[in-house]
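Residues per chain, in single letters:
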Amino acid sequence: MARRRSPARLVIALSIAVVLAIFLLYTSIAGGGTPALSPSQLVGHSGKVQLGGVVVGPVTGNAREGGLRFRLRDRKGSANVAVVYTGSVPDPFRVGREIVVEGSVRGGTFVARPGSMVTKCPSKYSAASSKQH
Amino acid sequence: MPELGRAALVVSLGLIVYALLAGAGAAATRRRRLAVSAQNALIAAFGSTLVACVVLAVALVRHDFALTYVADHTSRALPTVYTLSAFWGGQEGSLLLWLLVLTGYGVLAVWLNRKRARDLVVWVVPVIAGVATFFSLLLVAVASPFKTAPAPLDGAGLNPSLQNPYMVAHPPLLYLGYVGLTVPFAFAMGALLSGRADERWIVATRRWTLVAWTALGIGQLLGAHWAYEEVGWGGYYAWDPVENAALMPWLAATAYLHSVMIQEKRGMLKVWNVVLVSLAFCLSIFGTFLTRSGVISSIHSFTQSSIGPWFLGFICAVTTFAVGLILFRLPLLRARTRLESLVSREATFLYNNLLLVALCLTILWGVAWPILTEAVRGEARVVGRPYYDFFLRAFGLPLLLLMGIGPLIAWRRASIRGLGKTFAGPALVTAVVGVALLVLGAGSSTPGLVAYTFSAFVLATILLEFARGTRARHALSSESWPAAFSSLIARNRRRYGGYVVHAAVVLLAIGVAGSSAYQHITDRKLAPGQSLAVGGYTLTYRKLEETKRANANEIRAVLDVRRGGDSLGTIKAGKNAYSAPAGQVSNEVGIRTNYLTGEDLFVIAEQVDEDGTVYFRVFVKPLVNLIWLAGFVFVLGSLIALWPDAREERRLALRYREAGVSMTAR
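In order, the protein sequences belong to chains W and S. Counting from 1243, one number per residue, gives the positions in the first sequence under my numbering. Counting from 2, one number per residue, gives the positions in the second sequence under my numbering.
Derived from the structure by calculation, the hints contain no laboratory data. Treat the hints loosely; a few may be bogus.
As the list claims (entries may be wrong) - Chain S is faced by these chain W residues, among others (derived, beta-carbon under 8 Å):
#1 Val1253
#2 Ser1257
#3 Val1261
#4 Ile1264
#5 Phe1265
#6 Tyr1268
#7 Ala1272
#8 Gly1275
#9 Thr1276
#10 Pro1277
#11 Gln1292
#12 Ser1330
#13 Arg1336
Claimed, not checked - Computed footprint of chain W on chain S; a stretch qualifies when at least three of its residues, placed anywhere within it, have a C-beta under 8 Å from a C-beta of chain W:
#14 351-365
#15 386-398
#16 586-593
#17 606-618
Only a predicted model underlies this, so the values are computations on that prediction, with no experimental measurement involved. In this text, a Cβ means the ideal position worked out from N, Cα and C, and glycines have one as well.
Taking the hints into account, I'd like the entire structure generated from these sequences.
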């Protein structure tokens, strides 16, 4: 029985190539994501980053008018940075809670992108999630 | 009592290890009595695991706070149903549930197949026992649910947001799904280990895979619904690693469900199928690893417990085993036939698989990106929503289109002219719908418009298939139209059940497109008496209500809703301030569903100031309720496809015998 030349291998190879091309095209245009940093790693980063840390009080201001002001410190360590945030504040937010915000450092303060705050749940397996997008 | 639990788990471990070793030995040396003994050990392991579960459940209900697990996850004031659901609310209990479901599934699968697939079952037992060994070992050595400590007066309680019926059902359903994927994996490995290249392992596990896949899908929908209603940020899916952890195996399983049809029909893709089922299984373990280990920064980052490295080791072991076995048996998995045409049902299924796996792998890449970049560059980077949204559209929209093409295209080779005739009707409907949508203003979002149009195409093809089939039956057997319709479905359960499931996916696509691409959002601070307008609605903030309950202070802002001059009643949104756990505040959103259009008016009272002014965030989400409707249609379709069919059973029995004959004739 003669083996007919099947286009299968060609099709599969081409299709994988197309998929890869789409993927590479996107990532080369959109970039490789945003750095995820803790306050101690912020030094030297001037662009958009994702900052994660533990909320340190006092918490002042109003997230909807003028900005909520607090400090974020490393999960393990004392390095901290001032943060000003506007937008929706998830319910679990409080001093001592771990949160993540996106934004950039401007003049020594981390200015968060509005609405980018995400709170991490306390250390439990299936605890609640809370985010604002 | 905890001693009984601990003892039961140790007994389970012993039995499971015996099942693994004896089962493997019996299969390798073809000793039937030893194989039966291994089987019985697995059954007994299910029994002892059940004992451990009962012990934990009783301890929960009796508020036995000497057990740290009970103290950490319940309190005296907690309603009984949530006390019971705390069983799977923590690390150790959920592992115990996993083991119970695994041994239960294992016993059932082995029992049902003990006569007709004996040569497979002798290998399935050690494979399932091997997986169970891991979880059993964790429960005995690393994460015991029966740890004791001096009992506190009252337990820590359950986060109020989790006291919700959806959160009760969500984990068990997900587990039925995750663990369910072990069974087809075990049968695939069993087939390879026993040197069998035929489709019996697929046929034996078809219903298992369907059940697991359906459970996994519904579990995710329940989670999404909980997030929508309870967490209330205005969305239902955030591409969080933990959400992706369930989506990835589901996508792989979807691909697998389709590609096995090709192997059954044409004997092709044998290697691909074992690879896919192994991928689905590994992703399900990876998924639970992600959820538990906190290795990836996620809003669900759980305790950095010591459990992470164990899971990682297990995943590596399983992957090595599967890859090694597949490579070893590669010569056996030669296809009977070849792909003849790029325009055929086989080819369409291939494209479908490629797209599904591509989507699955891009999500995996996005999830793993922080770990990879940290390892390579020393600095973790994360990808955001735009990444996932892009690939969901790039791969998902063509998939949607394929869903309409696949069922109508011929096997082996489709002629272009035949295609033209078949698709003329649906194509026309689609064009009309597309134009109508443009006129109605759907052009504001191109992906949304494409999604709607493709959905119309798929729905048209599904209706066409049902209509043609019913008409054929009506003509053939002179039945009345309703009788023809029902007997059509009854005689072709897999096919028409599959079409119903496709319809569910289309509903999901429409719901997702409508609620994301065409939603309206408004933020406004309102004083009593003031109004805001959004998406055709006008909301007027009337007053603030405060209700004191036993465990919480409920604050609600009351708004009047009007649309186009008609009053639609009131909607309330606000917050609950809990007394225990103290200081906890939860968001309580107001949702008004229009059951005719499937649209939701979604109100969040974000900030309540002392002077009575409230900062509102209001969404109008068109068609979002189609997503939840899709869940019901999905279950219906799966049930139809799953339903036992006497005719099919006879045909299967015949095929088994043939497969046995062809094996010996080789």
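So, going through the hints one by one against the coordinates:
About 6 Å separates the beta-carbon of Val1253/W from the nearest beta-carbon of chain S, less than 8 Å, and the hint is met. Interface hint status for Ser1257/W: upheld, as the beta-carbon distance to the closest one in chain S is roughly 5 Å, under 8 Å. The beta carbon of Val1261/W is positioned within 8 Å of a beta carbon in chain S (closest approach about 4 Å), and the interface hint is therefore held. For Ile1264/W, the interface hint holds, since its Cβ comes within 8 Å of a Cβ in chain S; the closest pair sits about 6 Å apart.
Evaluation of the Phe1265/W hint against chain S yields a held restraint, the C-beta minimum of about 6 Å falling below 8 Å. Interface hint at Tyr1268/W: satisfied, since its Cβ lies 6 Å from the closest Cβ of chain S, which is below the 8 Å cut-off. Using the Cβ-Cβ criterion of 8 Å, the hint placing Ala1272/W at the interface with chain S is satisfied: the shortest such distance is roughly 7 Å. For Gly1275/W, the suggested interface contact is upheld, since its CB lies about 4 Å from the closest CB of chain S, less than 8 Å.
Because the smallest distance between the Cβ of Thr1276/W and any Cβ of chain S comes to about 6 Å, under 8 Å, the interface hint for this residue holds. The restraint placing Pro1277/W at the interface with chain S holds, with a minimum CB-CB distance near 5 Å, inside the 8 Å limit. At its closest, the beta carbon of Gln1292/W sits 6 Å from a beta carbon of chain S; the interface hint therefore holds under the 8 Å criterion. The interface hint given for Ser1330/W is met, as the beta carbon of that residue sits about 6 Å from the closest beta carbon of chain S, less than 8 Å.
Annotation: Arg1336/W was flagged as interfacial toward chain S, and the flag holds, the nearest CB pair being 7 Å apart, inside 8 Å. Residues of the region 351-365 of chain S lying with their CB closer than 8 Å to a CB of chain W number 6, which satisfies the three-residue condition for coverage. Coverage of a stretch by a chain is defined here by at least three residues with a beta carbon nearer than 8 Å to that chain's beta carbons; for the region 386-398 of chain S and chain W the count is 7, and the condition holds. Requiring three or more residues with a Cβ within less than 8 Å of a Cβ of chain W, the coverage given for the region 586-593 of chain S holds, as 3 such residues are present.
Counting residues of the region 606-618 of chain S whose C-beta sits closer than 8 Å to any C-beta of chain W gives 4, which meets the bar of three, so the coverage hint holds.
In terms of the numbered hints stated before, the structure departs from none.
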